[in-house]
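**Student:** As a plain string of letters, each chain reads:
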Amino acid sequence: MTNILKNRIFASSLMFLLLSLMGGFLITAPFLVILRNEFIRSAMALKLWPVVRPDVIGDILLNRAESLAAYAVSALVILVLYGFLWTFFSCGIYSVIINGAERNVDSFKAFLRRSADLWPGFLKLIILAFIAYSIAIFLGVTFGQIFGRLWGFLRVAFMLLFFLMASTYLQILKNQMAQTGDTSLRNSIRSTRATIAKSFMRLFIGNISAAVIGLLVFFMLYLLLKGVRGFEWNPFTAVITILIEQLMVFAFCLVQSIRINFNHSIIQRGAQDALGGTQLG
Amino acid sequence: MIHLAYVLATLISASATNLSPDLPTSYKMEVRLDTSSQTVSGFESISFLNPTSDTLQEICFHLFPNAFRDTSSTYARESLKIRREIATGNTSALDVTDIVIDGSPVDSSKLRESGTLLYIALPSKLPPGDSIAISLQFTLKLPHVNMRLGYNALGNYLLSHWHPILCGYQKGGLIDFEYHSQSEFFSNFSSYDVKLDIPAGFAIGSTGELRELSRDSSRAVWQALADTVIDFAFVCGPAFDVTESDTLGIKLRYFIQKDHANYLKQADWITKYSLSYNSEKFFKYPYPVFTVVDFDVAAEGMELPGMVTAVFPGKRSGPVGKAMLNLAIAHEITHEWFYGMIATNEAEEPWLDEGFTSYVTSRLLQSGDDSLSEFSIFGYKVSLDFPQQMAALMTEAEWPVALKSWEYPDEFNYSATVYFKAALVLQTLEEYLGRAAFDSALAQYANAYRFRHPDTNDFKRAFSSSCGINLDQYFAQFIYGTARLDYGIRSLEFSPAADTTMGGKYKINVVVIRELDGIMPQKISLALENGAEIDTIWDGIQKLGKITLYSDSPPLSATLLSYGLDENKTNNSLYLQSFSSRIMSFEWDMVSIMEFLIAYFL
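Protein chains in written order, with my numbering: chain A, 9 to 289; chain B, 38 to 639.
Because the hints were derived from the structure by calculation, they are not lab data. There's no promise every hint is true.
Listed below are the simulated DSS-like cross-link pairs for lysine-lysine, each with C-alpha atoms no more than 27 Å apart in a straight line [stated by the list, open to error]:
#	chain 1	residue 1	chain 2	residue 2
1	A	K132	A	K206
2	B	K65	B	K318
3	B	K178	B	K288
4	A	K234	B	K118
5	B	K178	B	K118
6	B	K288	B	K302
7	A	K14	A	K132
8	B	K208	B	K65
9	A	K234	B	K359
10	B	K309	B	K418
11	B	K497	A	K55
12	A	K55	B	K560
One-sided excerpt, in silico: chain B residues whose CB lies under 7 Å from chain A [to be verified]:
#	residue
13	F623
14	V628
15	E632
These stretches of chain B come out as covered by chain A in the derived footprint (C-beta under 8 Å, 3 or more residues) [unchecked claim]:
#	segment
16	421-435
17	609-615
Quick caveat: nothing in here was measured; it's all calculated off a predicted structure. Think of the CB as a built atom: it goes at the ideal place given N, C-alpha and C, for glycine as much as any other residue.
Using the sequences and the hints, build the whole thing.
**Tutor:** Structure, rendered in structure tokens:
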């Protein structure tokens with residue numbers, strides 16, 4: 009058990025899970041409090057299992073529009089504030105994935121120091137993320153419109169594909185910052201440009217593969233979740249479903265860690281090629 | 038489930054069904070479809086009997102295709118989409134010439150055109166019960182299909198509301214409305230004898246019965262005969278696969294686009310089911326032929342006399358498409374009763390056809406073992422009724438149900454009120470009266486007014502009389518008015534009864550609150566710990582209702598009967614126990630979804 013915890017991919021996935029869990033609670037908290045007050049003694053609570061029934065959603069949308077609007081504002085504020093925290097800790101987790109074996113980031117102090125070093129760069133990347141995902145949406149919609157006529161599913165597939173590509177590019181830039189310690193966005197873009205071009209197909213196939221495997225695992229866990237939810241609600245099934253859901257999130261975080269590590273290794277290999285070739289080239 | 042005995046009974050009674058014996062109007066037409074110029078030209082002769090108790094000095098025709106002649110029409114002014122179509126040159130026009138009444142040509146000074154209406158001053162006054170003969174020539178320029186008229190990219194044609202149609206009379210009054218972007222139609226029952234000259238290679242389907250009169254290498258002439266219908270429509274073209282079937286003694290004809298052939302089985306099934314359901318609930322479908330057409334018009338489906346169109350789910354394959362096709366065909370077939378045979382005024386009282394049809398369709402789709410309007414999202418079922426009910430309640434009853442179609446400010450409010458809120462109004466009435474009483478009253482109304490033109494008052498009278506209940510307040514609030522309904526249980530308390538002779542060991546106090554202005558009697562059900570249930574009725578008039586009951590067991594919960602129109606269902610029940618743990622499951626679901634979103638952006 010301790011061995012697996014020492015595995016940087018596993019450990020970083022757990023840290024990602026904790027980070028996401030914290031964010032999930034913080035951001036949804038106001039909404040959950042509103043609903044709890046409304047449903048705590050209403051028969052509507054019986055319609056939340058196995059999944060929330062459409063008429064419950066309808067009732068919320070129709071009768072609690074003001075509450076929802078207030079919640080949207082509060083969630084946005086929490087998201088922005090939590091965004092700083094989330095970015096800070098994700099810097100450290102990236103360092104664990106990339107440099108864990110090479111540099112001393114084992115101590116919490118070193119973890120925080122690395123996080124503090126990389127934080128400005130990761131914050132700049134948030135702005136770039138808006139641009140990257142906007143482009144991904146544009147391309148996803150455009151290609152989806154063209155090819156979606158052949159097969160409706162392609163609309164969704166293209167959107168997911170371009171989102172994956174945007175996410176991959178942002179991960180590469182974060183990797184670069186974590187690797188070099190240089191938080192300049194311009195330098196990161198410049199220094200990775202050539203290697204991305206050279207290793208595009210490997211990055212593309214590797215990330216797609218990771219995403220597909222992740223989806224398969226996710227789907228299997230989803231089937232398990234659906235199976236458990238086929239039973240009547242009781243505290244035991246409720247706990248089991250919560251655990252499965254967290255396992256699904258963990259699987260998702262694991263795929264993210266694997267992709268971060270994979271992208272790092274591919275870009276590293278390209279850089280070494282550019283320097284004259286190694287056995288990795 | 039349609040029982041075999043019923044099917045046999047309706048087959049036996051088919052010959053006994055009478056259509057309306059007295060028709061004030063009969064049409065004879067000879068028309069030719071020219072596919073090179075995209076025009077239909079023809080001759081129309083009409084025998085018209087004054088059905089009113091007044092002497093008529095003029096008659097009026099609807100020229101519906103002229104709504105799309107240019108952007109000055111009422112329709113175009115109300116519809117940006119149509120203005121754009123017209124701007125790109127996609128127009129239609131219906132020109133009438135050579136009008137002759139009782140053998141005398143009518144000069145232009147006797148004509149008065151107003152939008153899509155053409156008034157003709159009669160050469161002599163027409164007393165009640167007297168007849169005249171009108172004949173005219175007309176040319177129709179066809180558009181690329183817009184709302185429900187024209188040709189499509191495959192070369193198929195749909196012609197509905199396409200020829201000069203006499204304005205109908207209701208309760209002695211002329212119904213001469215302009216064609217609006219949200220309005221549909223109204224005309225009196227008539228008989229039709231139509232000769233249709235079309236290209237030889239075209240398949241053809243129409244209102245009524247068809248027979249081929251002649252054919253050469255390039256053209257074919259068909260004759261359509263239709264008795265006691267409110268209009269005549271036809272569809273033709275080279276790109277249909279035509280399949281025939283039958284049910285209840287009715288010949289079914291399916292005009293399906295070739296690439297949608299795999300939906301034929303489903304279309305056939307839901308068509309038969311819908312015809313059977315409505316025949317059983319109201320009265321047997323009386324015409325010998327029924328046609329289903331796969332044609333992409335402005336809506337998911339369109340009702341025509343003896344014929345319906347539906348958008349087959351080529352573009353929306355999958356479970357949603359299948360549910361939509363079920364809904365479209367079932368809805369349009371139900372219109373054959375609530376529009377086609379109980380011919381209410383679609384334009385001025387649209388709720389009487391759309392609301393009734395939506396309500397009955399919802400019942401129809403839920404009448405089998407599985408709901409036919411449901412589709413699956415990740416294995417969990419969602420009903421198409423849900424977005425409709427949402428839309429209805431989202432309007433917050435801003436507009437009354439009983440408005441003329443053009444009095445609604447936009448398409449959303451029109452649809453949400455006339456289709457969906459009206460369906461909820463009927464559902465609420467059903468919940469109030471009880472299903473058996475409601476169904477009986479609806480069947481009586483349908484039978485009393487078949488081949489007639491009832492209005493909202495007729496419906497109210499029919500229901501009040503059938504159920505023995507004064508429905509004035511209900512109609513004033515929810516049909517003519519804009520009352521909104523929301524009742525809730527405010528509190529539920531109990532204590533040991535001081536006096537056990539009152540009926541039990543426990544005194545239970547329930548406080549019910551009326552949150553909005555709508556008033557309906559409320560049925561309150563108390564569930565007790567010993568498994569028993571106590572029901573009581575509160576008239577719901579006061580803002581607050583305090584009800585005291587006695588029982589030998591403490592209560593578990595108090596629940597109100599949830600009416601369809603009740604806007605807030607969450608406050609309709611109050612349990613003494615807390616559902617904290619159950620809610621926690623849901624809370625974790627929400628947190629997990631948010632976790633995925635956060636983890637994605639790592």
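**Student:** Checking one constraint from the list: CA of K178 of chain B to CA of K288 of chain B, max 27 Å. Satisfied?
**Tutor:** Violated, because 32 Å separates the two Cα atoms, which is more than 27 Å.
**Student:** Going straight from one Cα to the other, do K132 of chain A and K206 of chain A come out at no more than 27 Å?
**Tutor:** Since the Cα atoms of K132 of chain A and K206 of chain A sit roughly 25 Å apart, the hinted pair holds (cutoff 27 Å).
**Student:** A closest beta-carbon separation below 7 Å is what the hint needs, so does V628 of chain B meet it against chain A?
**Tutor:** With a minimum Cβ separation of about 4 Å from chain A (threshold 7 Å), the hint on V628 of chain B holds.
**Student:** Just to be careful, I want the Cα atoms of K497 of chain B and K55 of chain A compared with a cutoff of 27 Å; is the pair within it?
**Tutor:** Not OK: K497 of chain B and K55 of chain A at ~36 Å, beyond 27 Å, violated.
**Student:** Given the hint that K234 of chain A pairs with K118 of chain B, test it: the Cα-Cα distance must not exceed 27 Å.
**Tutor:** violated, 44 Å
**Student:** Min Cβ distance, E632 of chain B to chain A: is it shorter than 7 Å?
**Tutor:** It holds, given that the least Cβ distance between E632 of chain B and chain A is near 4 Å, below 7 Å.
**Student:** Under the criterion that the straight-line Cα-Cα distance not exceed 27 Å, is the pair K14 of chain A, K132 of chain A satisfied?
**Tutor:** violated, 31 Å
**Student:** Assess, step by step, whether the Cα of K55 of chain A is no farther than 27 Å from the Cα of K560 of chain B, and give holds or violated.
**Tutor:** holds, 22 Å
**Student:** For the pair we were handed, K309 of chain B and K418 of chain B, check the Cα-Cα distance against 27 Å.
**Tutor:** holds, 25 Å
**Student:** Verify the proposed pairing of K65 of chain B with K318 of chain B, using a straight-line Cα cut of 27 Å.
**Tutor:** Violated, at roughly 34 Å.
**Student:** Hey, K288 of chain B versus K302 of chain B, does the alpha-carbon distance stay inside 27 Å?
**Tutor:** holds, 16 Å
**Student:** F623 of chain B was flagged as interface toward chain A. Is the shortest Cβ-Cβ separation under 7 Å?
**Tutor:** Given a least distance of 4 Å, the restraint on F623 of chain B holds.
In this structure, the hints that do not hold are numbers 2, 3, 4, 7 and 11, in rising order.
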